[in-house]
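Engineer: Position 707 of the sequence shown, counted from 1, bears residue number 707 in UniProt numbering, the numbering being contiguous throughout.
What the hints contain is simulated information worked out from the structure, not anything from laboratory work.
Just so you know, not all the hints are guaranteed correct.
What the hints assert, rightly or not - In silico lysine-lysine, DSS-like type, Cα no more than 25 angstroms apart, as pairs: (1) K130 <-> K149; (2) K578 <-> K200; (3) K547 <-> K561; (4) K744 <-> K200; (5) K366 <-> K740; (6) K275 <-> K265; (7) K200 <-> K563; (8) K248 <-> K265; (9) K549 <-> K149; (10) K579 <-> K630; (11) K783 <-> K753; (12) K275 <-> K290; (13) K549 <-> K248; (14) K563 <-> K149; (15) K549 <-> K563; (16) K744 <-> K243; (17) K200 <-> K549; (18) K563 <-> K514; (19) K600 <-> K549; (20) K514 <-> K597; (21) K248 <-> K298; (22) K200 <-> K229; (23) K514 <-> K408; (24) K563 <-> K579; (25) K775 <-> K679.
In this text, all values refer to a predicted model and were calculated from it rather than measured experimentally.
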Amino acid sequence: MQPITERVGAGAFRLQNNYRTELWTVQALTPSREQQKSAARSSKPTRISTGSPDKMGNGLVKSKQLKEPESHTANICVNSVKFSRDNGSDSTIKATPEILQNRLLELELENKNKDDQLQEKECRIQDLEKQIVWQTRTIAEITEELQAKCIQLNKLQDVVKTQCGVLLQSSPSPLRTANRIMNQCTGLFKDIGSRRKGAKEGVSAEPTSRTYDSNKLPEFSLERARVRKDSGVKKLVTDALNKNQFLKRLETQQIRDMVECMYEKIYQHGDYVIKQGEPGNHLFVLAEGKLEVLQNNKILTSISIWTAFGELAILYNCTRTASVKALSRVKTWVLDQDVFQNIMRGTAQARHDQYRNFLRSVSLLKNLPEDKLAKIVDCLEVEYYDKGDYIIREGEEGSTFFILANGKVKVTQSTEYHIEPQLIKVLQRGDYFGEKALISDDVRSANIIADENNVECLVIDRETFNQTVGTFDELQNYLQGYVAELTRDDEKRHAGISTHVQGAEISLEMIRLKEKVATFSSTSPFRNLEIITTLGVGGFGRVELVKMKNEDVTFAVKCIKKKYIVDTRQQEHIHSEKKILEEACSPFIVRLFRSFKDNKYVYMLLEACLGGEIWSILRDRGCFDEFTTKFCTSCVTEAFDYLHRIGVIYRDLKPENLMLDSEGYIKLVDFGFAKKIGKGQKTWTFCGTPEYVAPEIILNKGHDFGVDFWSLGILVFELLTGSPPFSGFDQMMTYNLILKGVEKLDFPKKITKRPEEMIRRLCKQNPTERLGNLKNGINDIKKHR
């Protein structure tokens with residue numbers, strides 16, 4: 001059988017021969033120029049007949065015979081050109097030259113089209129032949145890789161059997177059986193060399209230096225950052241910021257400071273204000289000119305004058321997802337990310353410190369520990385009064401405590417000898433009144449009247465106070481216990497090292513492993529380890545499953561590229577993760593045995609959790625039932641209980657960071673966003689996974705352990721439904737949904753009454769009102785049914 005190219009070539013040759021024969025026939029039948037001129041001079045037209053009588057009754061006129069090709073004759077009608085290829089038939093001509101020429105052009109065009117088609121087919125054949133060669137090579141490579149995987153699988157089966165041998169003697173947990181762990185391991189190793197599709201990624205606004213303490217504001221002067229601009233421009237920029245869905249939720253003073261610090265920047269026609277794929281750290285307001293938004297060089301929309309855009313970049317380090325291009329000369333007002341974050345931190349922290357100092361001056365509260373006092377600060381609400389307004393009326397029952405934050409108030413009281421209440425004294429900024437209402441129902445003994453406009457009071461009612469820090473009697477008991485605990489802690493510090501850490505016994509096996517690992521080379525961990533397989537690969541580096549040489553002990557080695565750490569500004573996160581994991585000792589937290597480093601990588605030798613990842617299991621199942629969700633939530637709650645007791649805030653809870661160990665219990669992994677904070681202290685860094693971050697993180701108000709309880713509520717929702725409750729088309733939309741609150745959510749029917757009630761209590765907008773963050777702490781979550 002002939003090859004495809006030869007058969008196509010033969011067909012082309014026959015088409016060309018037919019074309020030449022047909023062309024020759026047309027040319028032979030076309031009258032010459034001399035014949036055309038002679039016919040034009042003749043007064044009568046020449047008639048050519050095939051022998052039939054004409055209409056006038058004339059006899060037959062014999063036609064002039066034309067020599068024809070042997071195999072073909074041309075039969076040309078008067079009004080059309082028709083070719084007949086029947087051998088031996090007569091042919092006569094009765095046509096004009098124009099028709100023949102048109103036919104000639106048609107044939108030439110037809111031939112050209114057929115030549116083009118043949119060339120396309122030949123190119124297609126060449127492409128197919130190349131694909132066949134490439135696919136043949138690919139099949140060979142896959143076959144070779146499959147053989148290697150079979151060898152790895154045999155090793156993995158031996159490892160899992162070793163890790164799971166204890167299962168046969170112990171009672172099962174809800175997610176625990178040997179076969180299930182084997183299946184989960186198999187699913188875990190399928191993702192080698194590829195990014196997990198659909199997995200949620202964390203974001204951070206952490207500064208470059210790991211020595212940076214986010215509890216201390218970097219040197220920043222609002223006065224130095226101010227840029228002069230007239231009042232008209234200030235108003236237009238302010239209006240633009242207040243029209244933005246996210247920025248309009250900021251405080252008036254914060255917006256005012258942002259406008260003061262924005263500076264002018266000019267772009268020419270064709271310049272990119274924002275370029276897709278590049279890092280961004282500026283907020284813009286368009287003042288003059290025209291801008292268009294492009295994504296992958298496709299125009300999406302245009303931007304109107306006095307519109308704010310690019311706001312996501314001032315929250316944290318992000319890559320621009322679209323471009324903004326100038327269509328004319330453009331003037332913008334710009335705000336830098338670091339200026340925005342300093343304004344937000346400065347406003348919130350200054351207010352927090354001011355309120356705390358106010359509370360320290362109250363005799364009932366001055367002896368409270370810092371964490372209790374900080375909770376009261378977060379509970380304070382602000383109320384404003386104008387001159388002449390009654391804040392408290394004499395003789396009324398009251399349950400509210402007031403602190404005068406700004407302005408003056410008059411204290412008046414009825415007396416026996418006067419009809420009108422008499423002025424007793426004037427209170428000023430920092431004074432307080434109504435403190436007895438925090439202890440019991442109080443009948444007000446005097447009037448408190450605003451003595452000027454815009455008097456600002458900090459307010460807390462007894463019910464909120466009791467829920468947050470307890471009743472006054474409970475506080476007294478707490479203070480006694482707090483002093484006793486401080487005494488015991490002081491004794492422990494002088495008593496040497498204990499074999500118990502926060503109630504968790506350090507096993508002899510752990511001590512042996514740590515001593516063994518301590519002998520490894522600090523720069524070459526793989527001298528003492530044998531690589532079994534790669535568990536995962538990502539932008540950070542890779543995770544290897546390894547075993548100690550000559551021992552059946554497995555570990556997971558997290559290999560993090562130093563270049564990635566620097567490029568993503570994760571120095572502080574890596575340092576914090578290492579420090580926290582070295583200290584942590586809980587059955588619900590992955591264990592770190594040792595860390596190493598060389599010229600290219602930082603290595604973390606971690607406990608191998610071979611049960612698989614909760615996110616992968618959830619993705620395969622779609623959602624969990626209530627019993628499984630309760631088990632997962634219980635494990636996470638125990639982990640949080642331990643972390644919060646040692647002063648660590650986790651900040652990155654999600655199914656992707658939950659792993660099953662060999663016994664089927666859940667462990668927290670990936671402590672890149674975890675941070676140690678003091679009791680009653682806050683931290684200000686924007687970090688976490690967008691779908692899980694709490695409102696106070698988005699608004700840069702400062703956050704504490706309450707953000708972990710918020711994320712626990714989001715986790716419960718995702719485990720029961722398969723997806724988190726807040727998820728938009730982009731991250732900014734997700735944040736706006738979070739700021740609207742859980743109250744706006746329509747819960748699906750698969751979430752029953754009790755889980756819904758728990759989620760709503762965990763996801764309160766005010767962190768002091770969240771389940772787990774009240775006076776009984778995390779015990780409220782443990783007791784919830």
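Engineer: For the pair we were handed, K579 and K630, check the Cα-Cα distance against 25 angstroms.
Structural biologist: violated, 30 angstroms
Engineer: Between the alpha carbons of K549 and K563, is the straight-line distance 25 angstroms or under?
Structural biologist: violated, 30 angstroms
Engineer: Mind checking the alpha carbons of K549 and K149 for me, to see if they're no more than 25 angstroms apart?
Structural biologist: holds, 21 angstroms
Engineer: Is K248 close enough to K298, meaning Cα to Cα at most 25 angstroms?
Structural biologist: violated, 30 angstroms
Engineer: Under the criterion that the straight-line Cα-Cα distance not exceed 25 angstroms, is the pair K514, K408 satisfied?
Structural biologist: Violated, at roughly 64 angstroms.
Engineer: Would you mind confirming whether the straight-line C-alpha gap from K600 to K549 stays at or under 25 angstroms?
Structural biologist: holds, 24 angstroms
Engineer: Verify the proposed pairing of K130 with K149, using a straight-line Cα cut of 25 angstroms.
Structural biologist: Distance of about 28 angstroms is beyond 25 angstroms: violated.
Engineer: Take the C-alpha atoms of K563 and K579, compute the straight-line distance between them, and say whether it is at most 25 angstroms.
Structural biologist: Status holds; Cα separation ~21 angstroms.
Engineer: Taken at face value, is the distance from the CA of K740 to the CA of K366 at most 25 angstroms?
Structural biologist: Judged against 25 angstroms, a Cα distance of about 36 angstroms means the pair is violated.
Engineer: Within 25 angstroms, alpha carbon to alpha carbon, are K275 and K290?
Structural biologist: holds, 16 angstroms
Engineer: With a cut-off of 25 angstroms on the C-alpha distance, tell me whether K783 and K753 pass.
Structural biologist: holds, 16 angstroms
Engineer: Taken at face value, is the distance from the CA of K243 to the CA of K744 at most 25 angstroms?
Structural biologist: holds, 21 angstroms
Violated hints, in rising order: 1, 5, 10, 13, 14, 15, 17, 18, 21, 22 and 23; the structure is consistent with all others.
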